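Protein chains in written order, with my numbering: chain S, 1 to 324; chain V, 1001 to 1324; chain U, 2001 to 2324.
It should be emphasised that the hints constitute simulated quantities derived from the structure, not laboratory data.
Hints are not guaranteed to be accurate.
Ranges between beta-carbon positions, derived for each pair [stated by the list, open to error]:
1) V/P1164 / U/T2089: 49 to 55 Å
2) U/G2040 / S/S37: 37 to 43 Å
3) V/A1119 / U/D2270: 42 to 48 Å
All values reported here derive from a predicted model rather than from experimental measurement.
Each residue gets a CB set at the ideal place from its N, CA and C atoms; glycine is no exception.
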Amino acid sequence: MKNLNLQIGEDGGLRHFLSISGLNTALLIRILDTAESFAGVTEQTVKKVPLLRGKTIVNLFFEASTRTRTTFELAAKRLSADVLNINITQSAAVKGESLLDTLRNLEAMHVDMFVVRHADSGAAHFIASNVAPHTSVINAGDGRHSHPTQAMLDMFTIRRVKGPDFGRLRVAIVGDIMHSRVARSQIHALNLLNTGDVRIVAPKTLLPANCEVLGAHVFHDLREGIRDADVIIMLRLQRERMLGALLPSEHEYYELFGVTEEKLTVAKPDVTIMHPGPINRGVEMDSEVADGSRSVILEQVTHGIAVRMAVMSMAMYHREEAPE
Amino acid sequence: MKNLNLQIGEDGGLRHFLSISGLNTALLIRILDTAESFAGVTEQTVKKVPLLRGKTIVNLFFEASTRTRTTFELAAKRLSADVLNINITQSAAVKGESLLDTLRNLEAMHVDMFVVRHADSGAAHFIASNVAPHTSVINAGDGRHSHPTQAMLDMFTIRRVKGPDFGRLRVAIVGDIMHSRVARSQIHALNLLNTGDVRIVAPKTLLPANCEVLGAHVFHDLREGIRDADVIIMLRLQRERMLGALLPSEHEYYELFGVTEEKLTVAKPDVTIMHPGPINRGVEMDSEVADGSRSVILEQVTHGIAVRMAVMSMAMYHREEAPE
Amino acid sequence: MKNLNLQIGEDGGLRHFLSISGLNTALLIRILDTAESFAGVTEQTVKKVPLLRGKTIVNLFFEASTRTRTTFELAAKRLSADVLNINITQSAAVKGESLLDTLRNLEAMHVDMFVVRHADSGAAHFIASNVAPHTSVINAGDGRHSHPTQAMLDMFTIRRVKGPDFGRLRVAIVGDIMHSRVARSQIHALNLLNTGDVRIVAPKTLLPANCEVLGAHVFHDLREGIRDADVIIMLRLQRERMLGALLPSEHEYYELFGVTEEKLTVAKPDVTIMHPGPINRGVEMDSEVADGSRSVILEQVTHGIAVRMAVMSMAMYHREEAPE
Chain S
1 MKNLNLQIGE
11 DGGLRHFLSI
21 SGLNTALLIR
31 ILDTAESFAG
41 VTEQTVKKVP
51 LLRGKTIVNL
61 FFEASTRTRT
71 TFELAAKRLS
81 ADVLNINITQ
91 SAAVKGESLL
101 DTLRNLEAMH
111 VDMFVVRHAD
121 SGAAHFIASN
131 VAPHTSVINA
141 GDGRHSHPTQ
151 AMLDMFTIRR
161 VKGPDFGRLR
171 VAIVGDIMHS
181 RVARSQIHAL
191 NLLNTGDVRI
201 VAPKTLLPAN
211 CEVLGAHVFH
221 DLREGIRDAD
231 VIIMLRLQRE
241 RMLGALLPSE
251 HEYYELFGVT
261 EEKLTVAKPD
271 VTIMHPGPIN
281 RGVEMDSEVA
291 DGSRSVILEQ
301 VTHGIAVRMA
311 VMSMAMYHRE
321 EAPE
Chain V
1001 MKNLNLQIGE
1011 DGGLRHFLSI
1021 SGLNTALLIR
1031 ILDTAESFAG
1041 VTEQTVKKVP
1051 LLRGKTIVNL
1061 FFEASTRTRT
1071 TFELAAKRLS
1081 ADVLNINITQ
1091 SAAVKGESLL
1101 DTLRNLEAMH
1111 VDMFVVRHAD
1121 SGAAHFIASN
1131 VAPHTSVINA
1141 GDGRHSHPTQ
1151 AMLDMFTIRR
1161 VKGPDFGRLR
1171 VAIVGDIMHS
1181 RVARSQIHAL
1191 NLLNTGDVRI
1201 VAPKTLLPAN
1211 CEVLGAHVFH
1221 DLREGIRDAD
1231 VIIMLRLQRE
1241 RMLGALLPSE
1251 HEYYELFGVT
1261 EEKLTVAKPD
1271 VTIMHPGPIN
1281 RGVEMDSEVA
1291 DGSRSVILEQ
1301 VTHGIAVRMA
1311 VMSMAMYHRE
1321 EAPE
Chain U
2001 MKNLNLQIGE
2011 DGGLRHFLSI
2021 SGLNTALLIR
2031 ILDTAESFAG
2041 VTEQTVKKVP
2051 LLRGKTIVNL
2061 FFEASTRTRT
2071 TFELAAKRLS
2081 ADVLNINITQ
2091 SAAVKGESLL
2101 DTLRNLEAMH
2111 VDMFVVRHAD
2121 SGAAHFIASN
2131 VAPHTSVINA
2141 GDGRHSHPTQ
2151 AMLDMFTIRR
2161 VKGPDFGRLR
2171 VAIVGDIMHS
2181 RVARSQIHAL
2191 NLLNTGDVRI
2201 VAPKTLLPAN
2211 CEVLGAHVFH
2221 DLREGIRDAD
2231 VIIMLRLQRE
2241 RMLGALLPSE
2251 HEYYELFGVT
2261 EEKLTVAKPD
2271 VTIMHPGPIN
2281 RGVEMDSEVA
2291 DGSRSVILEQ
2301 VTHGIAVRMA
2311 VMSMAMYHRE
2321 EAPE
């Protein structure tokens, strides 16, 4: 409830973009439709639209990620906004300034939007519940909680390949569900879009305790899990975050859960292969699969710009219109 | 005298902005008036003016400061200039290039303005006395010497709250005067604007040896120092710079010099509370004071953008007009 | 042959700019002429041209260099492109992503041009031979192999000072030839422009094994090497790269190969003094020489912006026109 109030303005528009949970089907479809209108722009010779000209967007990264920061910076620049990159691990924290004081200061400089990445779950919500009325917050990943722009670019990619009827699709998410903020957001989005069959496939040690409440069918065997799948989304094995005890070895993981052309024979012939990147080749999947004709992994990256342009412009414009 | 020549062009306009000392009252008022014209701009939806379009401004930071760098970068972008951030601690110094060679190289790339921050007092003056005629220098803090844009945004804030007649004001500066480049610049600015009563309040260990020549009345007791004050400016306790011997403990400092609502009862009822940030809550002041209705600490941050836009555009335009 | 195909499009235009080797005289002169048209722009008050507006250029630096990155960033901004700086040492490499996956991802974001710097010889060619058709690559220095924009700005500087007839010039390159990617590119460019006499002057320990095939006359004595020279190009002594065994001491190097006013008396009276920077004063040359009236070291820096603008716009426009 609180969540819903935070993200959605009084007129039903997008005020912040923090998590898929708390949004509704209509709003998700509006995001996808808006992204569709930007997808063409980024392919043109002159890729800029003047929608956010004169606006100030701050990439507030408490956790370093060149890749994610780059996609948001590009999206902001193609909307003609001014972008400032602030890496909090290097700066204010050193002087002992509190997060709220940092926020208040940036707001006072008339920043219009914060793109927030943080290692703690709930950080983006905390910030959104404390910003001034003139400021919007976009969650670029918080702890194990949520990564909603990644989920929306995945939905956009599925819709482009498979069409708008998610009801007839079987989608399998394979890999380290437990540590994945991406998986949580994907499952929420797939359910809001009324996907016919949402499955998660993982060894027991990589499933969260409450996985049955996530809204997906659970499989511990890869071939069973991806049988007749229309879409397979692999997750990145977060090697740096995992405790040694959870996995016997990367090699054994690959044997059991790594996707190969051979294992793919049980899926639909036109199965679509997705991965949020960066890929650990030979761990989550074979290079033959990653680079094969059914892979849309690079299309996901392209769509990420359009989806981020959509979310940023919707949140900015909602705010603008609200006071009138 | 040298100072005056460096900062002021032959027509009396601002050529560099290095320290308050060496400027005159008329110029200070011109800066405040120009900042007033920009203060409205930064509150608009489209915050950019094309004044410095096509100009190149380099933030040349020999001492890291995300906060200060951010304010100058935003001010430059809102004037439509191109901004380059160069952190000298990481780069040229490593290759053994001298400061003058670094300067000559950047000048040769037709940089129009340097915003300089350096741990050594006098660094900005040194650079200004060596740059090419087509280049201006703005001091963003040099050692314990000067931080003139901070002082001017404080003056701007006082004028906005208390009106243009500084003659009827009692202003008390409280805290670590000895290590504070901010305090030096504030005292000079307050005196140039003919402030009625300028006071500094600090323990003896945090006062410079020559404090009587600064042009302020010295107090060692907080309640005496802020009695009937119209404005109280607290300074940040530079914990990282202070030797252990100067202060018994932060707690004892707070007991004696930390500003609380209770201690404030001796000041004027409408006393204005200021701090350059970031605040050490519970050290320089209570949170109740920092976030209270008489605090203008966040307004200071907002005004910092307008004042920096004013100083940058004045220095740039003076240079342009000079040769004609 | 492969090299030629990579750099030059089917219509003979510049597709990538990777090395001087593989280009032809006409193309070098076209680069110099285009740079001439930009040289005036960078001296104007408003230095921007809208040629690359809406284009995205990524500075992909696998080897840190603030100086080189700055010149490319300035050149791109003065062409009105959007610039992203990505330091690969800090980012993707940490997550174990391969170079090709990093490239594919950036291409998928519709990046138009990569400016690449890498410690390995051949890295820029490798990247150029793997990028998508819509992407151009500019080599900003790869290992000991090539640094073609530096060579072209040197040619531009020589042409500006000595006129377009390189046939009547004697040019001596002095210093650490063995470790210098700059020297290789300079010798190629000087030969393509039909320079009358190209000389390299170095101790035997700082010459590559195959130096006779470079296309230059080899001298081991400074006075002999620079006798009657029209142009002397000193190289930076890459202290950080050199093994202790190659040089007895910097002092001894200076005694034998350091250029002084006294030694210069054997060169032409109007000899032009060049150095790619940053200078080690008192090692490669005396300060009297570096700052003297015959030195054009800072002009080289200025011309570097114009030459980079030329190469970037030519590669971008060739690509654009090619499909028509």
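Self-check item: Which numbered hints fail
Solution: Every hint satisfied by this model.
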